[in-house]
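> Now for the letters of each chain:
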Amino acid sequence: MIQPLVSLKNVTQSYSGRTVLSVDALDVMPGAILGLAGPNGSGKSTMLRLIAFLEAPASGEILFRGRPASIRPGAAHRDVTLLVQEPYLLKRTVFANIAYGLKVRGKNDIPAKVRRAMELVGLAPDQFARRQWFELSGGECQRVALAARLVLKPRLLLMDEPTASLDEKSSRLVREAALFARNELGAGLVTASHDMSWLRDVSDCVLHMDGGRIVGREQLS
Amino acid sequence: MDYLLQGFMQGFVLLFNGDAETYSAIWATVYASSLSMACSLLIGVPLGFLLGYTTFPGKGAVRTTVDTLLSFPTVVIGLVVYALLTRNGPLGGTGLLFTIPGVAVGQTLLGLPIIVALTANAVEGLDKRLPMTLITLGASRRQILWATVTEARFSIILAAMAAYGRIVSEIGISMMVGGNIKWHTRTITTAIALETGKGEFAMGVALGMVLLAVALAVNVAAAGMKKKAVQ
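Heads up: the sequence lines are chains A and B, in that order. Take 1 as the starting number for the first sequence in the working numbering and just add one per residue. Take 222 as the starting number for the second sequence in the working numbering and just add one per residue.
Some clues are possibly wrong.
With a cut-off of at most 16 Å between alpha-carbon atoms, the simulated EDC-like pairs for lysine to aspartate or glutamate come out as follows [as the list claims (entries may be wrong)]:
no. : chain 1 : residue 1 : chain 2 : residue 2
1   : A       : K91       : A       : E140
2   : B       : K349      : A       : E86
3   : B       : K349      : A       : E55
4   : A       : K153      : A       : E184
5   : A       : K91       : B       : E372
Keep in mind the hints are simulated off the structure, nothing from the lab. Remember, predicted model here, so these are calculated numbers, not experimental data.
Taking the hints into account, I'd like the entire structure generated from these sequences.
Here you go:
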């Protein structure tokens, strides 16, 4: 039996006494692409932050590969990574931004890995590698941030509105990169988006959320 | 106006003829300010980082105290350090009074609040998404702290430049703790005060120009560091 990457059991999250998320049970499996759909405030981003172990739930349990994981920087954060809607780039070059996660892991052969990740997201290495963070457009920032996460070969890649600030071509590149992460790296993916056609195009299954609850499940392939 | 022009010319003469007394004052100035800047940065950057990064009871009071110390008069610092280092003072046994390291102690007290306050401001002003980004990229707590300092590096360089500007141009500490001893603790600022007191305005202007040149050299070096930091 395949072990889920992340399991949520009776998880709730509250801010200032108001419950914003309530999930009875959810498993994220390796190699699966799970889409999250729903209006603003439906709990998509909260769910992603919980699965990314960035915040602890108010109640319930979140397991990473069968074991409880801490929100303190640790092992789970080396396997699970989150791309937010407006990602922050370090005040460094594109190369240094993408290489950062590899460096903190003490990896070798960094230039070749960075180059490959840049190509995956459609950024020509010779053209972009030496560019500074302030020399990029919003869409280019998004793609650099995605490359910085793909290069880590995560077990689970979480994306919050990854195409919100992108044009059609860039959205297609993000889709291809997401599929690459699943097909070539074997990563599981959870992605939240308002773009239903993009979400259906990329996901195996779409969860419909409203008022912090999962109100529907759409199996796509 | 003549003495200004004369001073300008004399400044070049003193510098290019290698005047020993002038270079002794330049050396004393650069030595004391370098020593005090190194101490201010080594102590001030970690303290400023802690102040900006962490939350603790009484943080507001600490911030107010540090901000008040920004306008600490140099003669008062000179007086306090003199009282500490004088033979009968609690640190009299160190033998630092009327020495360049003694001056550096006072100048460190002058530069420290600037480094602490501006570093704390820089860290507090960092983008709120930074910690989350670093965690999601797999950084450990130590790596997160280091990356946070690195992200604030431009502001820390600016803090260092501001502190250097105050340190290199102070006179109260150098005069009281250093004693303005020729060939020994006479800095450019104490030399200017002495020459002006003697009515040697041209010499004072010349030394003032030298001080400006030293400040310019430091700022050019800092700009170079900033450029390198961007790359």
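> Work down the list of hints and note, for each, if the structure agrees.
Here is how each hint holds up against the structure:
As the CA atoms of K91(A) and E140(A) are separated by approximately 15 Å, the hinted pair is consistent with the 16 Å bound. The straight-line distance between the Cα atoms of K349(B) and E86(A) is roughly 12 Å, inside the 16 Å bound, and the hint therefore holds. For the hint pairing K349(B) with E55(A), the CA-to-CA distance comes to about 15 Å; that is within 16 Å, so the pair holds. For the proposed pair K153(A) and E184(A), the alpha carbon gap of about 10 Å is at most 16 Å, so the pair holds.
Taken as a hint, the K91(A) and E372(B) pair is honoured in the structure, with Cα atoms around 6 Å apart against an allowance of 16 Å.
Of the numbered hints listed earlier, not one is contradicted by the structure.
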